[in-house]
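Going down the list, the sequences are from chains A and B. Each residue of the first sequence is one higher than the last, beginning at 1 in this note's numbering. Each residue of the second sequence is one higher than the last, beginning at 1 in this note's numbering.
Everything labelled a hint here was simulated from the structure, so no lab data went into it. Since we're looking at a predicted model, the values are computed, not measured. Every residue, glycine too, gets a C-beta built ideally from N, C-alpha and C. One or more hints might be untrue.
[To be verified] Calculated cross-link-like contacts (lysine to any residue; reagent style SDA-like; alpha-carbon spacing at most 20 Å):
#1 A:Lys100 x B:Ser62
#2 B:Lys14 x B:Trp115
#3 A:Lys100 x B:Lys11
#4 A:Lys100 x B:Leu55
#5 B:Lys11 x A:Trp40
#6 B:Lys11 x A:Pro39
#7 A:Lys100 x B:Gln37
#8 A:Lys100 x B:Glu44
#9 B:Lys78 x B:Ala2
#10 A:Lys100 x B:Gly59
#11 A:Lys100 x A:Asp27
#12 A:Lys100 x B:Ser73
#13 A:Lys100 x B:Phe65
[Unchecked claim] A few chain B residues that face chain A, going by a derived Cβ cut-off under 10 Å, partial list only:
#14 Asp24
#15 Leu91
#16 Ala93
#17 Gly113
[Unchecked claim] Which bits of chain A does chain B cover? Going by a derived footprint, with three or more residues having C-beta under 8 Å, they are:
#18 13–20
#19 32–41
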Amino acid sequence: GIQVEQSPPDLILQEGANSTLRCNFSDSVNNLQWFHQNPWGQLINLFYIPSGTKQNGRLSATTVATERYSLLYISSSQTTDSGVYFCAVERGAGGTSYGKLTFGQGTILTVHP
Amino acid sequence: GAGVSQSPRYKVAKRGQDVALRCDPISGHVSLFWYQQALGQGPEFLTYFQNEAQLDKSGLPSDRFFAERPEGSVSTLKIQRTQQEDSAVYLCASSPDVFRRSRSGNTIYFGEGSWLTVV
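Build the full structure now, drawing on both the sequences and the hints.
The following block contains the structure:
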């Protein structure tokens with residue numbers, strides 16, 4: 001099956017710093033999503049981004065599908081950004097997907113005040 | 001409802017006991033998924049429903065695991081004769097559409113999970 005690798009595994013920041021999280025995947029995908037898992041276990045969808053660039057406030061993401069990687073940028077980090085960030089992909093068939101995601105191991109982000 | 005609701009939030013089961021975990025998806029959502037998340041790992045796919053039809057159960061780890069969605073809304077994941085390796089968080093997720101390609105994609109909404117500990 002498809003392999004998903006995330007880096008770094010752990011990241012510690014001071015409030016206000018910027019960071020970049022990376023996701024490499026082993027095969028072409030037609031579904032790629034970034035999630036944030038908060039300390040209570042809730043997974044929140046941040047971006048659906050199988051290709052291209054999107055921005056939402058202090059977060060942005062870029063996926064270069066031809067080179068099989070995606071980046072999540074966090075600017076001006078806040079303590080509430082702490083948690084685990086997951087990249088998840090779906091290879092799909094015939095150009096479609098239905099949500100059977102393969103997750104990476106995650107990046108644990110800790111933001112100190 | 002406003003979000004995906006799961007119950008119980010926490011369950012401690014004795015080894016060999018049967019457990020049932022419930023998921024209430026977002027109203028009107030066609031697709032429903034179950035994922036298993038072990039401590040320190042990413043979630044792993046268990047099974048997928050489109051309305052009441054279970055179209056993919058390739059991730060269920062053994063025949064002790066059974067899922068149903070009889071009326072196309074609420075779903076139950078049942079684990080028979082629980083074992084210690086079943087200890088994990090069981091996440092339910094739903095999405096509004098099926099096999100759709102669009103700029104917004106097939107956004108998946110997760111519940112907070114049911115934390116199962118088998119002792």
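How the hints compare with the structure:
Simply put, Lys100 of chain A and Ser62 of chain B have alpha-carbon atoms about 19 Å apart, close enough for the 20 Å limit, and the pair holds. Using a Cα cut-off of 20 Å, the hinted pair Lys14 of chain B and Trp115 of chain B holds, with the two alpha carbons roughly 14 Å apart. Distance hint between Lys100 of chain A and Lys11 of chain B is unfulfilled; the C-alpha atoms sit about 26 Å from each other, more than 20 Å. As the CA atoms of Lys100 of chain A and Leu55 of chain B are separated by approximately 11 Å, the hinted pair is consistent with the 20 Å bound.
Among the hinted pairs, Lys11 of chain B with Trp40 of chain A is consistent with the structure: their alpha-carbon atoms are about 16 Å apart, no more than 20 Å. A hinted pair counts as satisfied when its Cα atoms are at most 20 Å apart, and Lys11 of chain B with Pro39 of chain A qualifies at roughly 19 Å. Only pairs whose Cα atoms come within 20 Å are accepted, and Lys100 of chain A paired with Gln37 of chain B is accepted, the gap being roughly 14 Å. A hinted pair counts as satisfied when its Cα atoms are at most 20 Å apart, and Lys100 of chain A with Glu44 of chain B qualifies at roughly 9 Å.
Taking the CA atoms of Lys78 of chain B and Ala2 of chain B, the gap is about 25 Å. The hint is violated against a cut of 20 Å. Restraint check for Lys100 of chain A and Gly59 of chain B: the C-alpha separation of about 10 Å stays at or below 20 Å, so the hint holds. Only pairs whose Cα atoms come within 20 Å are accepted, and Lys100 of chain A paired with Asp27 of chain A is accepted, the gap being roughly 15 Å. Restraint check for Lys100 of chain A and Ser73 of chain B: the C-alpha separation of about 19 Å stays at or below 20 Å, so the hint holds.
Restraint check for Lys100 of chain A and Phe65 of chain B: satisfied, since their Cα atoms lie roughly 18 Å apart, inside the 20 Å limit. A hinted interface residue such as Asp24 of chain B counts as satisfied when its beta carbon comes closer than 10 Å to some beta carbon of chain A; here the least separation is about 15 Å, so the hint is violated. Interface hint status for Leu91 of chain B: upheld, as the beta-carbon distance to the closest one in chain A is roughly 7 Å, under 10 Å. This hint holds: Ala93 of chain B has a C-beta 7 Å from the nearest C-beta of chain A, less than the 10 Å allowed.
With a least beta-carbon distance of about 5 Å to chain A, the hint placing Gly113 of chain B at the interface is held under the 10 Å criterion. Counting residues of the segment 13–20 of chain A whose beta carbon lies closer than 8 Å to any beta carbon of chain B gives 0, which falls below the threshold of three, so the coverage claim is violated. A count of 4 residues in the segment 32–41 of chain A with a Cβ less than 8 Å from any Cβ of chain B is obtained; the coverage claim is therefore met, three being the minimum.
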